[in-house]
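There are 2 protein chains.
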Amino acid sequence: MGEPFEQLLSQRTSSMQRNPIREILRALAQPGMISLAGGIPAPETFPIEDLYRINETVLDRYGPAALQYDLTEGFAPFREALAGYLATKGIDADAERLLVFNGSQSVLDTLGKILISPGDVVALESPSYLGAISAFSSYLPEYVSIETDDDGIIPESLERVLDQHKVKFVYLVTTFQNPTGRTLSLRRRQEIAAIVKDRNALVVEDDPYSDLRYRGEVVPPLQSFAPENTVYASTLSKIFAPGLRLGFCLAPPLIREWLYIAKQGADLHSNTYAQALATEYICGGFIDKQVPKIIDLYRPRQEAMLSTMARHFPQEYRWTKPEGGMFIWVEGPAGVDAEAVYWKAIERKVAFVPGKYFYVDPSDGLATMRLNFTRVDEAAIESAVAALGAVLKEFGAN
Amino acid sequence: MGEPFEQLLSQRTSSMQRNPIREILRALAQPGMISLAGGIPAPETFPIEDLYRINETVLDRYGPAALQYDLTEGFAPFREALAGYLATKGIDADAERLLVFNGSQSVLDTLGKILISPGDVVALESPSYLGAISAFSSYLPEYVSIETDDDGIIPESLERVLDQHKVKFVYLVTTFQNPTGRTLSLRRRQEIAAIVKDRNALVVEDDPYSDLRYRGEVVPPLQSFAPENTVYASTLSKIFAPGLRLGFCLAPPLIREWLYIAKQGADLHSNTYAQALATEYICGGFIDKQVPKIIDLYRPRQEAMLSTMARHFPQEYRWTKPEGGMFIWVEGPAGVDAEAVYWKAIERKVAFVPGKYFYVDPSDGLATMRLNFTRVDEAAIESAVAALGAVLKEFGAN
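Which chain is which? The protein sequence lines are A and B, in order. Position 210 of the first sequence, counted from 1, bears residue number 209 in numbering that gives the first Met the number 0, the numbering being contiguous throughout. Position 280 of the second sequence, counted from 1, bears residue number 279 in numbering that gives the first Met the number 0, the numbering being contiguous throughout.
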């Protein structure tokens, strides 16, 4: 006899599993461990001191309205604030068209819910954000991969995928991608916009990292080149506080309407109080002060990681040099098993995420690794990367 | 040609629609309208003054941890606080077994996700909470109804339903039910516990209202009589603040594990900051001061509604006299169309919810109405109920 109630489970549970990265993060509680795993902001980036004041402003200004049931689409002053924030990115967002969700993760889940019937095709860049794969998989899609290079997805590969499959949507993290740190180039954005418009295809552009730019030129969102074909999803998790779970999206009208209906049935609406805090964070000018501070904290951490890698990693390894974001992506020579490297690194008190988790095909990416540089300071990064380099050299010597 | 992207929608959208009550609430913005619709707490029940202090305590005590990514199962101090709160209800809840969600609505959605494959049978008391029907329907179940009387669901009807159908789960609001205000009697709880244990059936007990008791004896949750067969779901929306979206559940181990996995994929975790506020609200003793205040506010409102109904409603109408909660349920004589009454009442600036929305079969409950007494004060209730009584008499005279 199996577990009680096992016969009650839905078919879709067959495709659902614990997120391996969140499970890896659980294992990191060991003392002395330096984590280059995860994609977690440094706690010192949170505007704790400002929040004493922001809380008071919210209670003074909104009173009970900040604590009451509210509209499914989101707290109206927050949507106004978001529209202003998005305008600075070149996105023409009417507050009426925005929808607020519990983190961008729940945008992705809800998109899966309204778009994916079992067997439908979703196109992913390869490698792709693991959380998106987790969110979509519970609706039983098939995945097809779009090839990528240092400039992001390759337009010809996208064309081929759209021509050969009945694709429900294409999912992309366009700027400082998770896991690779890569940014889709301006020229590629224009090409891809033309391709999706030509084929009336739908793109989901997930953009959590674009504010974390440490050098180089700003690139406008893909959404701004193909607004009628793009669901633009983002979050305040990387520029305010992830614990507030503030995600949002801007979608074409029909998609917006179904996202609204699905969200209403799933959770009525998102946390009003957190939305009110974020409203004051944006409108009170705190964000304009805080984001440069976050950048000033992360830039030297990334530089420390890149320069230590250059000194300590074996020369047959390649890695990305992103202009921003939270991650560096490492590709080892064929034959290296990054999971074996992981276990050896854990013994040396260094953690990272083996890159294979970011591929839909389990035989891909075996020699790849994702390194995060936002969580710990330069000294810890240097010591961790040096230790990891030593582990890699041992593997090379086998 | 249809709307762009219409061909992209999943099959499940065919069963999804805007929640008619939330849509009715939108229409209530007219000046002078007195709403007996909705199920919304009075704004004066929110502990605004306490929240200035609670916010400071949270920032002082938890600092960045209240703003950071956190565990999918919920903020550990909040789960500890909830376990203590549930113990006062006779529920033996280990903090390790609790799961926190974005309102109890998202417990219901996630249960639907892990349990319902298209065509699976869900058993509902009739009438039933509309939000639950919305949450489950997106997973394409079939519904069977369990008959009810003034003591809640009728055990023989439950037995018949369980014997004749392969039921995935039974959904019940056991105390001060929405929409009827009815409470499943102690004796019935014992009988129903025996029935579900005997058949190894799963019950979802939704319990948002039991703290709002204005008179009579406390009845322990059904969960306490059949803990291994019950998913107990509740919320702080009615005793703290609904805008914080704090729901939670206690489930048998296998169900808990799948709820965890599904939640991880859907939204990673719930708002950490709101959970920290609730922790201090409970552990700082604020809840023990606030709930009696809420009861003292609502009890006279309910009494005003009941006594005005007795004076002004036609004698062929029947209604419930609940010992607590937020609703009174009215049954008119056969032939009355409560939706026509609704439109006439709106002209007189009184709103309520036609009861038919709470039935799965659209031909049921045509003469029923749900009245809420928590949102407006006694004077407004008396004038609204008197006006509604006049409308009902006009209908009787037709």
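FYI, nobody ran anything at the bench for these hints, they're computed from the structure. Please read these numbers as outputs of a predicted model, since none were measured by experiment. Idealized CB from N, CA, C, for every residue including glycine. You may find that some hints are simply not true.
Below, a sample of chain B positions facing chain A; criterion: calculated Cβ distance under 7 angstroms [said to hold, decoys possible]: (1) 4; (2) 9; (3) 13; (4) 45; (5) 108; (6) 129; (7) 160; (8) 241; (9) 270.
Of the hints stated earlier, which fail here? 3, 6 and 7
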